[in-house]
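Student: Knowing the structure of chain R, use the given hints to seat chain H on it.
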Amino acid sequence: MKRFAFLALAILMILPQLATTAEANDKKIKAGFIYVGPVGDAGWTYAHDLGRKEMEKLSFVEPSTYIESVPEGAESARVINGLVRKGHNLVFTTSFGYMDATLDVAKRNKDVVFMHCSGFKSAENVGNYFGRMYEPRYLSGIVAGKMTKKNIIGYVAAFPIPEVIRGINAFTLGVQSVNPDAQVRVVWTQTWFDPGVERDAADSLLDVGADVLTMHQDAPATLQAAEARGAYVIGYNSDMREFAPNAFLTAPVWNWGPLYSKIAQEVKDGTWKTESIWWGMKEDLVQLAPLNDKVPADVKALIAEKTAAIKAGTLHPFAGPIKDQDGKLQVAAGSTHNDGELLGMSYFVKGVQGTIPK
Amino acid sequence: MLEILLDATVRAGTPILFATLGAIINERAGIINLGIEGLMLIGALAGFAGTQASGSLLVGVLAAFAAAMIAGSIHAFITVQLRGNQIVSGLALTMFGIGITALFGRGMVGLTIKGFERVAIPGLSQLPIIGKPFFNQDLLIYFSFLLVFGIAFFFARTRWGLALRTVGENPAAADTCGVPVLLFRFLAVTIGSGIVGIGGAYLSLATTPMWIENMTAGRGWIAVALVIFASWSSYRALAGAYLFGGITAMQLRFQAMGTTMSVHMLQMLPYFFTILVLVISTIRLQKGASQQPEGLGQAYDREDRK
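Protein chains in written order, with the working numbering: chain R, 721 to 1078; chain H, 986 to 1291.
Bound conformation, chain R alone (with noise of 0.2 Å):
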């Protein structure tokens, strides 16, 4: 009995420590996910949910949460704050603006990590991630540009911002890389997400005689718009092919899944610190969806060729030379765009017919 005793004495003084040491290792990823529009918008919050779903599959994350269609601007700090409260350790703001609230709330809670997607600020505990887009934008131009007849290609654009700008002129250099003939036209709807206009705006472009079209939007309308009409459409966000069977070409998408598991991990062991993170091809962040069969076997190598250049390191879409709309040069020969050039972009380059609202 007494030795019982002592055995029980010595695992009562024991278990504590064996406990902190489990609770080190057992330390649950509990994530909140904020989305500026709907998880069926089949665009961009949808690859993020997809993203999430993959976060998810690790053992140490608990089931996350997302709130959907939360308006951008200061009111969105109340529904950040909720997360908070509610005992979320990481928190994914996944729209630019929920920059300043998503400061704002992290201030207040040190404990917990922030990650804000497309914007540039960070703090402490704020860390801010997006992808190189014009990665995988640049390759679809290819595409654009082998495949028109007409050598007129359209643009649904969204808003005149840089993301949206650098997008265009990534396409427009690809396109001009393979067939200098070839023009794109931009209409701006000026929304992400209302398929009405934008399937009006996509029918307008084939109106003046586009024969592949692509998009910004979160919404499959162009791809619609282009599949009724017999022409070529490249999609964007994520693989929409099921819309549109004989039109689709292929689609800059997003992978958000390893980076969110990544981001997670690295939470869980405590390794996390501020970071800008600006992914591309390279990290799997940004792909170019699967081409369509129609797409002939001498630009499927074409692009295979580009893409593991690009992977390499070897390709920039934004190296020189480059002449804006005017002729004028923006970049000499040799050099190449910055990232904070990249990022404020504003001017097109030659070959694209539009101009960016003022």
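For the record, the hints were derived by calculation from the structure and aren't laboratory data. Model, not experiment: these values are computed from the prediction. All C-beta atoms in this analysis are idealised placements derived from N, C-alpha and C, irrespective of residue type, glycine included. Be aware that a few hints might be false.
Stated by the list, open to error - Below are the EDC-like pairs computed for lysine to aspartate or glutamate, each with C-alpha atoms no more than 16 Å apart in a straight line:
| id | chain 1 | residue 1 | chain 2 | residue 2 |
| --- | --- | --- | --- | --- |
| 1 | R | K869 | R | D901 |
| 2 | R | K747 | R | E986 |
| 3 | R | K988 | R | D831 |
| 4 | H | K1099 | R | E947 |
| 5 | H | K1099 | R | D927 |
| 6 | R | K988 | R | E782 |
| 7 | R | K1031 | R | E1003 |
| 8 | H | K1117 | R | E986 |
| 9 | H | K1099 | H | D1123 |
To be verified - Which bits of chain R does chain H cover? Going by a derived footprint, with three or more residues having C-beta under 8 Å, they are:
| id | region |
| --- | --- |
| 10 | 844-852 |
| 11 | 934-946 |
| 12 | 993-1004 |
Tutor: Only chain H this time, still in chain R's reference frame:
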């Protein structure tokens, strides 16, 4: 070019036209319905789901009508039977519509259907300029034409139409004449809501044959404004809906053609016209040409002494 522009105008204007017509029927009976946006979404989802499940577009349209009618009957019950606040109930209906379609639409995302296709009317579609835009369209657009004339005829020429208008103008007088006020109001709200639902279904079955959350993107609110713009007339609703659709279509085409006109300027136009017409119609109202139903927004209680 004019043909193409008119064609785009009709297609962009049709969902708003259905919604405005439905709202007019509501308001003619004296009930304000701010739930148009929600009803359109319910119609859009039900229409898509119905077509997806059955493979028939007709079933989809009927499903949209029925689903929006059921949702509208909630508004009718609250405002007609319980005499609740019409503004609050309508706003709640919009939020309800947004929420419930998001919930039940989850499984519909990414599915595809074969949407409405153009059917040319022999002879008429050969007319110069107006032939293609008006007579080489899908069946729902032809139905919207019929509805415009039908509703105008109903209110102006039929006994029931007159009774319904009286219910909206002066329910006590209608009651004295033996018109069942509450029943008429209930029917007007539910049937009007059903027509609004078809407007939503136009988006998910014809404009872009797919279901996406919140795909109406504010068109319901434009319809609410257009009711006043149209001063409760279905013909003017047609003009208003096409004006709105036309300016949107025009500014996109100007861009595609490469005009140097400011995009912001072009995009402001529809709203500018809305304000302009509201100002004009308000001035006309002050001059005594009021078309607004006198009893609009007022609950009717037989025992209420005035």
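Student: All hints are to be evaluated individually against the structure, with a verdict given for each.
Tutor: A quick look at each hint next to the structure:
Using a Cα cut-off of 16 Å, the hinted pair K869 (chain R) and D901 (chain R) holds, with the two alpha carbons roughly 11 Å apart. Distance check on the hinted pair: K747 (chain R) and E986 (chain R) sit about 11 Å apart at the alpha-carbon level, within 16 Å; holds. For a cut-off of 16 Å, the pair hint linking K988 (chain R) to D831 (chain R) stands: about 13 Å separates their Cα positions. Taken as a hint, the K1099 (chain H) and E947 (chain R) pair is honoured in the structure, with Cα atoms around 12 Å apart against an allowance of 16 Å.
At most 16 Å may separate the alpha-carbon atoms for a hinted pair to count; K1099 (chain H) and D927 (chain R) exceed this at roughly 22 Å. Using a Cα cut-off of 16 Å, the hinted pair K988 (chain R) and E782 (chain R) holds, with the two alpha carbons roughly 12 Å apart. Proximity of K1031 (chain R) to E1003 (chain R) is assessed by CA-CA distance (about 8 Å); at most 16 Å being required, the pair is judged to hold. A hinted pair counts as satisfied when its Cα atoms are at most 16 Å apart, and K1117 (chain H) with E986 (chain R) does not qualify at roughly 61 Å.
Of the pairs offered as hints, the one joining K1099 (chain H) and D1123 (chain H) holds, with about 13 Å between alpha carbons and a cut-off of 16 Å not exceeded. Remark: the region 844-852 of chain R is not confirmed as covered by chain H, as 0 of its residues place a Cβ nearer than 8 Å to a Cβ of that chain, below the required three. Coverage of the region 934-946 of chain R by chain H holds [criterion: at least 3 residues with CB-CB distance below 8 Å; count 4]. A stretch counts as covered by a chain when three or more of its residues have a beta carbon under 8 Å from one of that chain; for the region 993-1004 of chain R and chain H the count is 0, and the coverage is violated.
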